[in-house]
Structure formats: C-alpha cells, structure tokens
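Same order as they appear, the protein sequences are chains A and B.
Our numbering numbers the first residue of the first sequence as 5 and each following residue consecutively.
Our numbering numbers the first residue of the second sequence as 2 and each following residue consecutively.
No lab work stands behind these hints, which were simulated from the structure alone.
Treat each hint with caution, since some may be false.
[What the hints assert, rightly or not] Simulated crosslink set (DSS-like; lysine-lysine; CA at most 25 Å straight-line): (1) A/K237 x A/K75; (2) B/K58 x A/K155; (3) B/K58 x A/K138; (4) A/K183 x A/K160; (5) A/K160 x A/K138; (6) B/K194 x A/K183; (7) A/K144 x A/K75; (8) A/K144 x B/K194; (9) A/K160 x B/K58; (10) B/K301 x A/K144.
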Amino acid sequence: MTEEPTTDEQLAPRPGAEQAELAAEIRAERKRVTGGTPDDAHDVIIELDNVDVYYGDFHAVDSVTIPVREKEITAFIGPSGCGKSTVLRSINRMNDLIESARVEGRIAYHGVDLYGSGVDPVEVRRHIGMVFQKPNPFPKSIYDNIAFGPKIAGFKGDMDDLVESSLQRAALWDEVKDKLDESAFALSGGQQQRLCIARAIATSPDVLLMDEPASALDPIATLRIEDLMYELKQEYTIIIVTHNMQQAARVSDRTAFFSVDVNEGKRTGRLVEFTETAKLFTDPAEQETEDYITGRFG
Amino acid sequence: MTTSITRRQEATQADVAKAIQRSGIQWRSTLFHAGLLLLLLTTLVILLVLLADIMIKAWPTFAERGVSFVTDGLSLNPETAGVFTGIMGSIAIAVIVILLAFPIGVSSAIYLEEYAPDTRLSRFLDTTVRNLAGVPSIVYGLLGGSTDGKNVIAAGITMSALVLPIVIITASEAIRAVPDSIREAGYGVGATKWEVVRSHVMPSALPGILTGTVLTLARAIGETAPLLVIGVATGYFAPPGDATFVDQITGSYTALPVIVFSWSRQTQAEFADTLAPAAIIVLLVVLFVLNGAAIWLRNKTENRW
Chain A
5 MTEEPTTDEQ
15 LAPRPGAEQA
25 ELAAEIRAER
35 KRVTGGTPDD
45 AHDVIIELDN
55 VDVYYGDFHA
65 VDSVTIPVRE
75 KEITAFIGPS
85 GCGKSTVLRS
95 INRMNDLIES
105 ARVEGRIAYH
115 GVDLYGSGVD
125 PVEVRRHIGM
135 VFQKPNPFPK
145 SIYDNIAFGP
155 KIAGFKGDMD
165 DLVESSLQRA
175 ALWDEVKDKL
185 DESAFALSGG
195 QQQRLCIARA
205 IATSPDVLLM
215 DEPASALDPI
225 ATLRIEDLMY
235 ELKQEYTIII
245 VTHNMQQAAR
255 VSDRTAFFSV
265 DVNEGKRTGR
275 LVEFTETAKL
285 FTDPAEQETE
295 DYITGRFG
Chain B
2 MTTSITRRQE
12 ATQADVAKAI
22 QRSGIQWRST
32 LFHAGLLLLL
42 LTTLVILLVL
52 LADIMIKAWP
62 TFAERGVSFV
72 TDGLSLNPET
82 AGVFTGIMGS
92 IAIAVIVILL
102 AFPIGVSSAI
112 YLEEYAPDTR
122 LSRFLDTTVR
132 NLAGVPSIVY
142 GLLGGSTDGK
152 NVIAAGITMS
162 ALVLPIVIIT
172 ASEAIRAVPD
182 SIREAGYGVG
192 ATKWEVVRSH
202 VMPSALPGIL
212 TGTVLTLARA
222 IGETAPLLVI
232 GVATGYFAPP
242 GDATFVDQIT
252 GSYTALPVIV
262 FSWSRQTQAE
272 FADTLAPAAI
282 IVLLVVLFVL
292 NGAAIWLRNK
302 TENRW
C-alpha cells in the first residue's frame, strides 16, 4: 500500500458531527469543480450488469452491477484482492490478454454489449483508454509516445497539433515542449504518468480507465494527477481504481466499495455498495463499508 | 543538554560502541571469497597458457610469411600453404547461417513467446527445442552427410540446423525479458498484436536477439565435427581458379577449423608444428571480431533511450 502518509490519521473513526462536516467538505469541493452534486442528468455510458469474472475455474469476481455515468468520476475502492482491478480491466477487455480469463454477465458501452459477437477488443480499447498503475511510457521519444496510438488508428490530421493538444490537456505541455524528441524515461515519475494520460487521450477515447494511477507517485505528483482528473472530467468519463480512500473521496462523484470473501483459500471479490461518494464516506448503507472507511478492517 | 552528556548516556554509548565493534576476521566469509576468486583465476590461467602456447608455435609462420599466410590458398608445400580457402569457406557458411538460421529462428521465437497458446503442444515444442540444443553436433553432421551434396551449401544448411535451436532459445529469452507493461501500454492505446510485437516488443528485444545470434554464429564457424561427416575436403585440392560462382559453391570447399584439423594430422612436421597453430590464431581472430561485433551491435541498439 502506498497511500499518502496522512491516510491513517484522516481515516480514524469520526464522530457524527465530523462526518457531516466531511460530507459538507466533499460537496463543497465538488461544487467548486463541477458546479453541483452528481445528479442523474448524465446518461449511463457503461453498464456493468451482473458481471462475474473467472480465471479458469477460479471465481475472481462475483456478480457486480454498476451503472457508470458520463462525465463523472467513478471510483472503485476496497481491500487488496477484492477484484476491483479485475473488473476495471474487463471493461476495455484487457483481461482478454490473459488466456484463462472469462467474463460472464453483461458489460454495455452506450448500450452495446462489449462482449457481443463481432466486437473487436482492439477497437474497444480505442474508445476506452487506460492508464496503468506504474507509469509505462514506451521506450521512445515523448513525441512518439503520444503519436503511436493515433498513427495506428489511421489518424490523418496534423500530428504535431494532436501531440501538442494531448500534452496540453494532460497538463504536461509546458514542461516538455522543448524536449519532445527526448526519451520519455528522462521524465520524472509524475511526468511519466501524465505522459501516459496524454497518450491515452490522444486516440480520443470517451472513457478513461485508471488503475491506481497515483500509487507509485509522491504526494505532490498525486495531487497534480487528481487536479488533472477534475479537468479531464469535463470531456471524459473516468473510472479509477484506488487503494487510497482520501483520493476516492477527493476526486470521485460515485464510489463502488468492493470486498472479498475467502472460501477454502480462494478469494472471490464482490461489490458491497455503490452510491454517491459523499454518502458512501459519511453515511454508508452497509456496516462492512463503514468498518472499512473508518479503518476497522482492511 | 547538548554540551553535557550524563553518566548514564556515557554508559550507553560505551555499550553500543562495544556491541557494534567488528569481532575479529570472519573466516568463513573470507575463505569463501578467496575460493571463488581462485576458481575464477584457474579458468583464466588455463586460457592464457593455451593462448601463449599457440602464439609461440604460430609466431614463426607469421614472422616469415606475413600476410601471405592469410591470402594464400591450400598447398601441399608448407612454404606456400595458406588459409585463404578456409576463410572463404567459413565466410560462405556464416552467410548461409545468417540467411537461414536467423530468420527462421527469430520467427520461431516470436511465435513461441507471443502467439503460441499455452497448450500441451506448445510446451512440448518448447522442450523439444531445448533438447535439440543439447544434441551433439556430430549428429547434425550425420544428418547433413546423408544428403548428396558435398558442397558449401550443404555445410551451411547443416550448420544452420545446428544453431537453430540456440537461436530460438536466445531470441525467446530476449523477447521474454521485455516487460509486460510495455505490451499492456501498446494494447491500451488500441494496438493489435502485430503492432505491439513490431513496434514495441521487437525493438526492445533487438539488442538481446542480436547479441545472442551473433554469438551462435561464432559457434557455427568454430564447429568442425559436422563438416568432417558431411564431406568437407580435408586434404589438398585445387581451388577453382577461373571457376564460375556456381562451380565455387557446388565444388569442393574447406573451412578454418577443418584446416586446423587436417594440418595437425599431416606427416610433414611443419604443418602440425607451426601452420596449424597459425591457422588457429586466424580462427580465433575471426571469432573475436564476431564477438566484438556482437557487443558493438548491442551497445548501438541498446543505448538509444
């Protein structure tokens, strides 16, 4: 676990009054950023409906149902091994790369079943981009990192413009505009992760999946990524997996809390609760959620 | 507080100083260290003695003949016998190995590592390749010798078969060493398997593949046994003077290690005593140049980023 050092302190059990205060804080922050609390005005863009994931005979995730709304940030939180990354990776069919992986149930994108016959996982990933836990730039120049995706997708426009606008949207342009031909590895960890975000948005997806995007970064770089997520939310739908509950509370509109059942040494993840972030962190419906967010478990 | 240390603190300080003192020499550790170094030196000494011995024997040849030893062809007369025919034969074999074993071997490695599903068949293939790499080289010679052609093409094909498993294994290892995070990054932006392999896996694996394959080329050039079985010329033969290219590649041929072998068995003392060691030096130089090329290629391809 690589949370910020403040996590434990801030997650200490809160008396009711402080909880209400936290809820107010979260709502105020959201109002500042988006001009309102999440409402149902945004359409559901990705719908997970009774999704089960298996690796061979191993039942990794049990029956997850989450409606993800457009231009919101949806956070998946929960203890290690609860299947939150597994679910995230089944949304853009990254799990297809693992031979034994199998998804049951329905994952719909704009109402279209992503696992329907004739769906090309490569095309799916062009619409649903991904940012990984460890920054993983290609061992190429900064420019080529951004240009690769559009190039293979057959982009015909002005590549220089696209590289610039992608880097700008990822809040990295000013730092790298004079060294686009230099290796991506010359950047700091936080810059590399923003480069990976720029790379993901260069193919103009409308959904971004982020798998613990800040867990390998220091607190300052983490805050920059979170700021960036606020910005990106204007245009993109973001689903973020995080170990860091403060992060989920800070950035997300809605949060899904996963937990894990251990049966004869096999761990099966399941969804405990999915609701508005402010509600989940202050007035969770389930005792299990409350135990987790107050630090009594996990 | 900072200037005066209490008695109690002094006592603690003394205890700690004593506790963290070095307690004598650590015999086991020192012995082990010395043992390792000694064994390493044994290898070096053997190699140096061997080299010095050959150098001393070969020196008169180079001193008297100079470059002509390298540029003269085969001859029954020790005064004029040179290794040029052998160098040509070895180069021809090397070229055939490069053209044949490398493309087939690297392609097989890509298939095994990136495409083959993890089934019993692919695991069987993998094991077979590893076992083939351990088959004695003479067996490949018997295989090549069962064909009719006693020419340099047959030799090149046999040598290709001999090094193919090694090329596959080294290329596989280089491909496996490419971190999965690079593959994921490629798939994540909507690349197909082919695009991921071509644009990311292969460039990252290239230094390892090049080094490995050039080193196997050195093996192909140094091998003697298979060539003897296939029917390389071990005695004197007249190299085709004004022969056409076709005549040259279908006619008699020889190679550097074979010349060393055949000269060391000649009845005339000069052949065994000074000419064979000189031919060994030429062979070693060729191998060192190849190994140097491998290192140069790796550095050139590796340090791009």
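Verification of the hints:
1. A/K237 x A/K75: Satisfied, since the Cα-Cα distance of roughly 5 Å is no more than 25 Å.
2. B/K58 x A/K155: Judged against 25 Å, a Cα distance of about 62 Å means the pair is violated.
3. B/K58 x A/K138: violated (60 Å)
4. A/K183 x A/K160: Status holds; Cα separation ~24 Å.
5. A/K160 x A/K138: violated (31 Å)
6. B/K194 x A/K183: violated (30 Å)
7. A/K144 x A/K75: violated (32 Å)
8. A/K144 x B/K194: Answer holds: A/K144 to B/K194 is near 19 Å, not above 25 Å.
9. A/K160 x B/K58: Not OK: A/K160 and B/K58 at ~69 Å, beyond 25 Å, violated.
10. B/K301 x A/K144: holds (15 Å)
Hint check: violations occur at hints 2, 3, 5, 6, 7, 9; the rest are consistent with the structure.
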